[in-house]
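Chain order of the listed sequences is A and B.
Using the UniProt record's numbering, you'd call the opening residue of the first sequence number 1 and step up by one each time.
Using the UniProt record's numbering, you'd call the opening residue of the second sequence number 1 and step up by one each time.
The hints are simulated quantities; they were obtained by calculation from the structure and are not laboratory data.
Incorrect hints may have been included.
What the hints assert, rightly or not - The following label-pair restraints were derived from C-beta to C-beta distances:
id	chain 1	residue 1	chain 2	residue 2	range
1	B	438	A	15	23 to 31 Å
2	A	156	B	328	29 to 37 Å
3	B	236	A	102	33 to 41 Å
4	B	374	A	140	50 to 58 Å
5	A	45	B	97	50 to 58 Å
6	B	54	A	76	53 to 61 Å
7	B	97	A	15	55 to 63 Å
8	B	348	A	20	27 to 35 Å
9	B	411	A	204	53 to 61 Å
10	A	140	B	437	40 to 48 Å
11	B	100	A	15	49 to 57 Å
12	A	25	B	380	23 to 31 Å
13	B	244	A	82	45 to 53 Å
14	B	411	A	79	30 to 38 Å
Said to hold, decoys possible - Here are the simulated SDA-like cross-link-like pairs (lysine to any residue), alpha carbons at most 20 Å apart as the crow flies:
id	chain 1	residue 1	chain 2	residue 2
15	B	310	A	104
16	B	328	A	28
17	B	328	A	104
18	B	260	A	104
19	A	244	B	319
20	B	266	A	104
21	B	328	A	22
22	A	27	B	414
23	A	27	B	287
24	A	122	B	290
25	B	310	A	45
26	B	71	B	98
27	A	122	B	287
28	B	328	A	16
29	A	27	B	290
Please read these numbers as outputs of a predicted model, since none were measured by experiment.
All C-beta atoms in this analysis are idealised placements derived from N, C-alpha and C, irrespective of residue type, glycine included.
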Amino acid sequence: MASAPGNRPHVGPTQCVGPDYRSESQKPIATVSTEVKYETVTTLPQTPQLIALLTFTVSLTYDDCGYRKIRDRNTERADFIFYSNRIIRLLVEEGLNHLPIVEHTVTTPVGRNYAGLMFQGKICGVSIMRAGEAMEQGLRDCCRSVRIGKILIQRDEETAQPKLFYDKLPEDIAERWVLLLDPMFATGGSAIMAVEVLKSRGVPEERILFLNLIASPEGIGNFATKFPKLRVVTAFVDQGLDSKNYIVPGLGDFGDRFYTM
Amino acid sequence: MNAGSHSLAHMADKSAATMTKRAHYSPPWADLSIIGVAGSSGSGKSTLSHAIVNKLNLPWVVILSMDSYYKPLDPEASKKAFMNEYDFDSPDAIDFDALLQTLQDLKAGKRAEVPVYSFEKHQRMEETTIIYSPHVLILEGIFALYDPRVMDLMDMRQIYCEADADTCLSRRILRDVRDRGRTVEGCIKQWFGFVKPNYEKYVVPQRNHADIIVPRGIENRVAMTMVTQYIERKLLEKSSHHRAALKSLEAGFESEPLSKRVVILKETSQLCGMNTLIQDIDTSSEDFIFYFDRFSCLLIEQALNNVHFKELTVETSTGIPYHGLTPKGEVSAVLVLRGGATFEAGLRRVIPDCRTGRLLIQNNVRTGEPELHYLKLPKDISKHESVLLLDSQMSSGGSGLMAVQVLVDHGVPQDRIVFATYSAGRVGLHRLTKVFPEIAVVVGNMVSDIEERWVESRYFRC
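Using the sequences and the hints given, assemble the complete structure.
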């Protein structure tokens with residue numbers, strides 16, 4: 001693994017990506033997730049498939065030969081939705097691994113025993129509007145009839161601070177595990193506010209899993225200091241934030257690209 | 001004839017070094033038996049051949065008529081043909097080289113293209129018929145036992161049909177007028193001009209090469225039963241050879257670790273939880289299908305990590321480039337029916353427009369030998385960057401071996417094949433990777449060696 005020093009913010013670590021049985025020379029090199037040292041943070045395995053999905057997601061203005069695509073915005077949006085959904089599904093599958101389990105042995109159709117396990121505890125999803133709602137389909141793909149609460153947080157024009165505008169959460173949320181959904185995790189301002197809302201409704205920090213597609217090292221650091229027991233599951237930790245607090249390189253406004261662009 | 005040497009020749013592109021390491025698998029179709037049926041025109045050759053095929057009622061017995069191998073005619077010969085003055089009943093009218101090529105290809109386990117000849121136009125048509133993987137081929141034609149090179153390829157009974165000349169002539173007139181657009185006068189002209197003289201000169205001598213002489217064609221039930229019984233016995237022998245060969249691939253599986261190219265899904269608690277629901281006999285069908293689809297989606301995602309990618313730098317919305325990856329080319333899938341079809345929902349979630357070939361392999365209830373019943377692949381499959389081969393379960397590895405062999409026969413390089421299955425046993429995996437060491441295999445669960453197929457009946461609910 002050849003990782004570049006992080007002095008220039010837009011050069012992320014690069015490494016050969018591919019299955020173990022291939023030699024380094026057979027594997028292409030790509031920029032992978034920046035390493036973070038918190039135990040509560042899980043980054044998806046940096047497989048070639050995940051990197052390719054991210055490549056499609058962060059840029060849809062180029063086709064796979066590197067030429068600018070000539071096509072309408074709707075096609076571009078359809079692709080964006082499809083590829084980001086695939087990453088979200090992988091994120092949810094990983095996130096669910098953190099739920100408590102008990103052993104459970106069953107008999108299979110061919111009569112042998114399977115020493116399996118069962119999940120314990122109820123869950124619910126909470127999406128931070130509007131981009132977080134884009135992750136609901138992925139959650140439903142894995143958990144069919146899951147309850148989903150919503151929180152609307154907007155930046156206050158005057159103070160430039162995030163402000164809670166609306167929330168609608170399951171009544172028994174205090175007894176549930178909460179999967180908090182927001183695809184872009186930059187400074188984490190709105191996510192911090194959302195967690196505080198959840199905590200005020202009686203959800204302990206250790207029962208919250210924050211799922212996001214792309215995170216910044218700064219956001220992760222802020223979270224780890226504020227909520228040391230809360231778990232974060234992300235597909236990719238980007239290189240940093242720019243002067244406007246946008247994730248670098250990032251993918252633009254997720255909500256716009258998913259809903260309106 | 002030793003069929004093993006043929007399939008070895010088929011794999012001759014491999015270097016000597018890998019050859020020694022590689023275990024050998026010879027699919028049943030690389031062990032083709034050819035039966036020749038010759039006889040005068042109108043003697044009942046094709047009726048007899050069809051009767052044999054009907055009686056056997058097996059998909060791997062095909063009839064190849066030498067009529068397909070008439071040489072294309074030049075304009076002058078064509079003119080003669082329309083005036084019934086061209087000699088179709090001389091061995092010179094037959095393209096023995098093309099016939100030999102077809103038979104050699106089939107013997108080597110490859111697919112072969114058979115020309116289509118139009119009797120109305122006296123011409124070879126543009127389209128061809130494709131034959132793949134027969135176990136027994138019946139070569140039927142007046143000169144089936146004529147060319148010594150063709151005779152050398154035959155290892156089963158050679159049959160000569162005999163009928164009296166009056167019967168032959170009347171059958172021929174009926175057929176040519178009805179099926180081949182001729183007139184009665186034309187037929188009679190041909191008969192006395194060519195058919196009869198050639199019959200004595202070229203056809204009758206073939207009697208000496210025949211093992212069986214069948215008088216009265218189809219009516220001769222004794223001869224027909226003899227032939228069909230002979231074929232049945234031969235097929236049974238082939239099947240036990242094939243099963244014995246499969247068995248011999250097991251050697252050493254206990255002492256050797258699995259190939260590095262076998263990727264087993266990491267057993268996370270989520271995966272184990274899904275497996276618990278999938279494997280529990282008491283899970284409702286609705287839940288079973290839901291969780292199996294979810295599982296298969298993860299399996300396909302994992303399989304895709306084994307295809308080939310290339311580097312791609314893209315510009316992001318912040319203007320800063322991202323050094324990412326993109327698949328090198330088209331990824332298609334081939335489903336081994338019926339089991340592989342359980343992955344279709346998962347496959348479509350990952351690649352909605354994935355081109356998908358299908359093949360049906362069934363284990364013979366009586367012998368336990370896997371048999372290829374049906375095959376439909378994308379035409380340009382040999383050019384696809386990667387091919388996912390999907391089957392729900394693999395126990396002995398017999399059908400897996402056969403499925404990979406089919407892809408290899410169709411020109412897909414081994415290192416572009418990713419075999420994915422919900423569950424597999426060590427023996428099966430060992431066999432498969434011994435024979436095809438360059439393929440990648442992705443397995444959902446490791447199970448005991450011989451597990452009956454249950455996933456497909458659970459998924460399709462029948």
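Verification of the hints:
no. : hint                       : verdict
1   : 438/B to 15/A: 23 to 31 Å  : holds, 24 Å
2   : 156/A to 328/B: 29 to 37 Å : violated, 49 Å
3   : 236/B to 102/A: 33 to 41 Å : violated, 53 Å
4   : 374/B to 140/A: 50 to 58 Å : violated, 37 Å
5   : 45/A to 97/B: 50 to 58 Å   : holds, 57 Å
6   : 54/B to 76/A: 53 to 61 Å   : holds, 58 Å
7   : 97/B to 15/A: 55 to 63 Å   : holds, 56 Å
8   : 348/B to 20/A: 27 to 35 Å  : holds, 29 Å
9   : 411/B to 204/A: 53 to 61 Å : holds, 59 Å
10  : 140/A to 437/B: 40 to 48 Å : holds, 42 Å
11  : 100/B to 15/A: 49 to 57 Å  : holds, 55 Å
12  : 25/A to 380/B: 23 to 31 Å  : holds, 29 Å
13  : 244/B to 82/A: 45 to 53 Å  : holds, 49 Å
14  : 411/B to 79/A: 30 to 38 Å  : holds, 31 Å
15  : 310/B to 104/A             : violated, 43 Å
16  : 328/B to 28/A              : holds, 11 Å
17  : 328/B to 104/A             : violated, 43 Å
18  : 260/B to 104/A             : violated, 31 Å
19  : 244/A to 319/B             : holds, 14 Å
20  : 266/B to 104/A             : holds, 19 Å
21  : 328/B to 22/A              : holds, 16 Å
22  : 27/A to 414/B              : holds, 18 Å
23  : 27/A to 287/B              : violated, 39 Å
24  : 122/A to 290/B             : holds, 19 Å
25  : 310/B to 45/A              : holds, 18 Å
26  : 71/B to 98/B               : holds, 9 Å
27  : 122/A to 287/B             : holds, 18 Å
28  : 328/B to 16/A              : holds, 16 Å
29  : 27/A to 290/B              : violated, 35 Å
The structure fails hints 2, 3, 4, 15, 17, 18, 23 and 29 (numbered hints given earlier, in ascending order).
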